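Peer 1: What follows is each chain in one-letter form.
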Amino acid sequence: MNSAPGSVVIRPLSELDLGRITAIDERLTGVYKPDVWERRVVYYLRRDPEACPVAEIDGKVVGFMFTDLRSGEFGLEETGGWIERFGVDPDYQGRSVGRRMFESAQEYLRGQGATVLRTLVGPADSDLAGFLRAVGFQNAPLQALEMSVP
Amino acid sequence: MNVDQTTLPKKFHDAVLHWQRHHFPDYGLLPEMWHKYFPNDPEFCLCAKMEVGMGDTIEVGDQKGQPRMLEPSEMLEDQGRHLLSIIRAQASTEFGSIQQHEVTLSRAQEDEDRFWVLRVMAEELRHGYQMFHLLTSQDWSAVTDQSAEDMVEEILSMRTGSHVLDAFNIDYDSFVDNVVFAAVIDRVGKYQLAMQKVCAYKPFAQSMPPMLREEAFHLAAGVVPLRRWVQRAAQGYELVTMNAIQRSLDKWVPRGLEMFGHEKGGDSNIRFGFKNLKNAEAQSQYFEELQKVVADLNTRYVRARFPRLSHEEAEALVTRLLADRTKFEGVSWEDLLTLPDRRYFRRKGVPAWTMVGTRGESFEEVDAYVKHLAATLPDPYLHSRDMRQYVETLRDVTAGRITADLASKKTPNLKRVGGVCPCSKSVRWVVEEPVTAPPTAA
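Chains W and R, in that order, are what the protein sequence lines are. Residue numbering for the first sequence follows the working numbering, beginning at 44 and increasing consecutively. Residue numbering for the second sequence follows the working numbering, beginning at 21 and increasing consecutively.
Mixed in with the good hints there might be a few duds.
[Claimed, not checked] Stretches of chain R that chain W covers, calculated by requiring three or more beta carbons in the stretch to come under 8 Å of a beta carbon on chain W: (1) 230-238; (2) 318-331.
[Said to hold, decoys possible] Here are the computed lysine to aspartate or glutamate pairs in the DMTMM-like style, where the Cα-Cα straight-line distance is at most 20 Å: (3) R:Lys217 with R:Glu79; (4) W:Lys103 with R:Glu309; (5) R:Lys312 with W:Glu99.
No wet-lab data here; the hints were simulated from the structure. Since this is a predicted model, take the numbers as computed values, not measurements. Glycine included, every Cβ here is placed at the ideal spot set by N, Cα and C.
Can you make the complete structure from the sequences, with help from the hints?
Peer 2: Below you can see the structure in the form of structure tokens.
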């Protein structure tokens, strides 16, 4: 499909995105982890590629958002969409790539019956928290707890 | 997912399971290992899945804007016949690929690769089952004299060598073929399913989205093992080499290109509202996508050889090596994967029987071309019946004993029926249930 130069095109995840997704993560974290991303991408392809929007600009993958539809977990009976992983190439941040992916995921998950969207964010990750609040997320009544396994 | 699930009437369901016992004996391993390899995934279901919520209006063709058809009797006779042939061909591919995969499945070096392919096979069985649902749940008597039982019987009777499309009549030589087939031939399936989402016959259109979701994993079951193999090849692993992968690509890509139909065809599919792309258009998009697969594999290979390079630097090096046909620190352009020329080793379509090499070079003599094929195809495949028939037909075409058109039409030699159930107690896959006499009043 042709699109205006520089415009953001959103489409479902495919196995062909592996190289670029790995590269985006490498730019964000500084570590090259092809095996990890192969495993993750295959997992989300098995779940539902349409729930995982990928952003392209001029034919280049510049962002990804992996979501999953679930219900009955943690006593949450209603069908909910979980935003589990996402990343935007640093060279393309500030161009609404994340927002466009979020809107696409939200629309798709709503169509699949989701009545709520959830995610987790670390207290130190203020940029991510800021983005999530900007698209409509608020503090949830549930609190994340954890412990080390001795 | 917004899908309705349904099972076939017992005699057809049993026929599929009966076929599975003979042609897909490893199917029983899947439930045992499901949670190990596919944790959190819903259990596999041998059933037909129909997408809910698809539009009721025809999207393309002469009837664009009219209501989608719900029964075969609503279609024009030509239209119905054409769709029936598409459904049968689709069903044939599903069962055909299982027969091919099964032969070399046990040769996988890694259990994970094996169970990924096993899941692919199970989902192909479901896709065949889906096509049977379309054939058996509606009355097709307006366009065929065959009963539903006979249509199912015919498809279940096909073997490698008698399927509708060439790609499903070629034996696998090793597990490399299982993986390359998933990356190359299942990709054609993805295109066909995506094009058929617009189908004017609603039950067929509704069958496509669930199949497409499953197909996404099938492509990954090809590409991801290939990515791991090229990495190992770069690190000196000798059991799967770039050369072995290249030869398998050369074997399957020509058949994939031909699965789109003749490059000048496809008008009927659009006119009838069955697909939204003509053959050549879809084939070109497919080829471009294959180029991305190969570029990705080459980048993975180069990064494994030169870990100091970034993704972008590795991509640039691959491009330069191939463009300049040069070397860099011990890596030659010839070590990298390339797609064969679109005209290479073709037996259908515009370039059929033209003797074009992998890099686009032309050959005048059959013997020289056969030598080129021997240098570019997997060695075991050279000794196959398919290859022998190809070379014999090529000699006939070049000597003028047969036209290229006729040669294409007679390939493959179809033997549609004849592969009856090998059970000693049965001669048919579809077994009619015994008629139970109604109770009589005393």
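Peer 1: State for each hint whether it applies.
Peer 2: Right, here's what the structure says about each hint:
1. Check result for the region 230-238 of chain R against chain W: holds, 3 residues qualifying (beta carbon to beta carbon below 8 Å, three or more required).
2. Chain W is given as covering the region 318-331 of chain R, and this holds because 6 residues of the stretch bring a CB closer than 8 Å to a CB of that chain, at least three being needed.
3. A C-alpha spacing of about 10 Å is found between R:Lys217 and R:Glu79, which places the hinted pair at or below 20 Å, so the restraint holds.
4. Taken as a hint, the W:Lys103 and R:Glu309 pair is honoured in the structure, with Cα atoms around 14 Å apart against an allowance of 20 Å.
5. For the hint linking R:Lys312 to W:Glu99, the alpha-carbon distance of about 15 Å falls within 20 Å, and the restraint holds.
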